[in-house]
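Since the structure of chain A is already known, use the hints to place chain B on it.
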Amino acid sequence: MTIFSDSEARLGAVYASAVGETVGYSRGDTSASLAAWRSPQPQAFGVDQGGGVLVEFESWEWHLAAADLGDLGVPAIADRITAADGRVYEVVAPPGGQSYVGDALLRIHTKHVEA
Amino acid sequence: MSSVTAQIADAVATELTSIQAGEPPEHAFGLAFTPVRAWRPRYALKDLAELKVTVCPSAFNLQFAARARTQVEYGCEIAIQQKVEGGGDPAVDALAGLAEELAEYWIGRRLDSPDAVCVAAGLAPESVRLFVPEHLDAENLFTAVVALTFRRWEGT
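Chains as they are written, first to last, in this note's numbering: chain A, 1 to 115; chain B, 1 to 156.
Derived by calculation from the structure, the hints in this document are not laboratory data.
Beta carbons: idealized from backbone N, C-alpha and C, even for Gly.
Do not rely on the hints blindly, as some may be mistaken.
Residues on chain A that point at chain B, a partial pick, calculated with CB under 7 Å [to be verified]:
no., residue
1, Phe57
2, His112
3, Val113
Only pairs whose alpha carbons sit at most 25 Å apart, straight line, appear in this in silico SDA-like list of lysine to any residue [claimed, not checked]:
no., chain 1, residue 1, chain 2, residue 2
4, B, Lys46, A, Glu21
5, B, Lys52, B, Ala28
6, B, Lys52, A, Gly86
7, B, Lys46, A, Ser31
If we strip away everything but chain A, and leave its shape as in the complex, we get (with noise of 0.2 Å):
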């Protein structure tokens, strides 16, 4: 671990004691409870594609230690967090990206799945 990614989990930390909360992280039958926090506003976009379908949903950025995430490694497509307001999040890969960017420190793509 390097001295930036070392600071970088304290902040993380140090953020989530400030404005985090206790989410639910899954996947599959796997789950952990930890602190982590979302981005303040989400992104609202509308997709349509096909057959003239359309499909609005709202994307949101979750941050959280790397190491809280224990036996789960990394994020994966699917795992879900479940909010403190028992709001539902699926974690997805924007086209052409991945998933999750970070280190010690992670920023999550989802989406709200679940009222």
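Okay, now just chain B, sitting in the frame of chain A:
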């Protein structure tokens, strides 16, 4: 004057609703659903955990069949949408099966009002696959559009 294309979509939705309610014409689809008639399927991703079936008017085409007789074709599309776990999810198989069932049910079937017969049923013309791959890849969302073509004749 009301759109005949819309009337056909209404009739399709009404018949599917009757089937789901166990009323004639008796038929059983593999999945239960509540059809909705709309001009365009439009849902938020967070509301697609449950199966949505949307019946939409799509197009019409007039051709001379004889000197005083016109053949008219009306398009009607049935969109099937539901959030799934992923491409390998057995739910995808069931939803794809529903798309095929709907096409098989409607082909050759006649509507009373407006009087029209379904002469083609299958994938929407622009589709290259049974489902919309972009939706399955980006949102784990199954989307399929079944296109029906109803034909009727006008004139003497």
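Going down the list of hints, with the structure as the test:
This hint holds: Phe57 of chain A has a C-beta 4 Å from the nearest C-beta of chain B, less than the 7 Å allowed. At its closest, the beta carbon of His112 of chain A sits 5 Å from a beta carbon of chain B; the interface hint therefore holds under the 7 Å criterion. For Val113 of chain A, the suggested interface contact is upheld, since its CB lies about 6 Å from the closest CB of chain B, less than 7 Å. Restraint check for Lys46 of chain B and Glu21 of chain A: the C-alpha separation of about 21 Å stays at or below 25 Å, so the hint holds.
Of the supplied pair hints, the one linking Lys52 of chain B and Ala28 of chain B holds, its CA atoms being roughly 17 Å apart against a limit of 25 Å. Only pairs whose Cα atoms come within 25 Å are accepted, and Lys52 of chain B paired with Gly86 of chain A is accepted, the gap being roughly 23 Å. Straight-line distance between C-alpha atoms of Lys46 of chain B and Ser31 of chain A comes to about 21 Å, which keeps the hinted pair within the 25 Å bound.
In summary, this structure violates none of the numbered hints.
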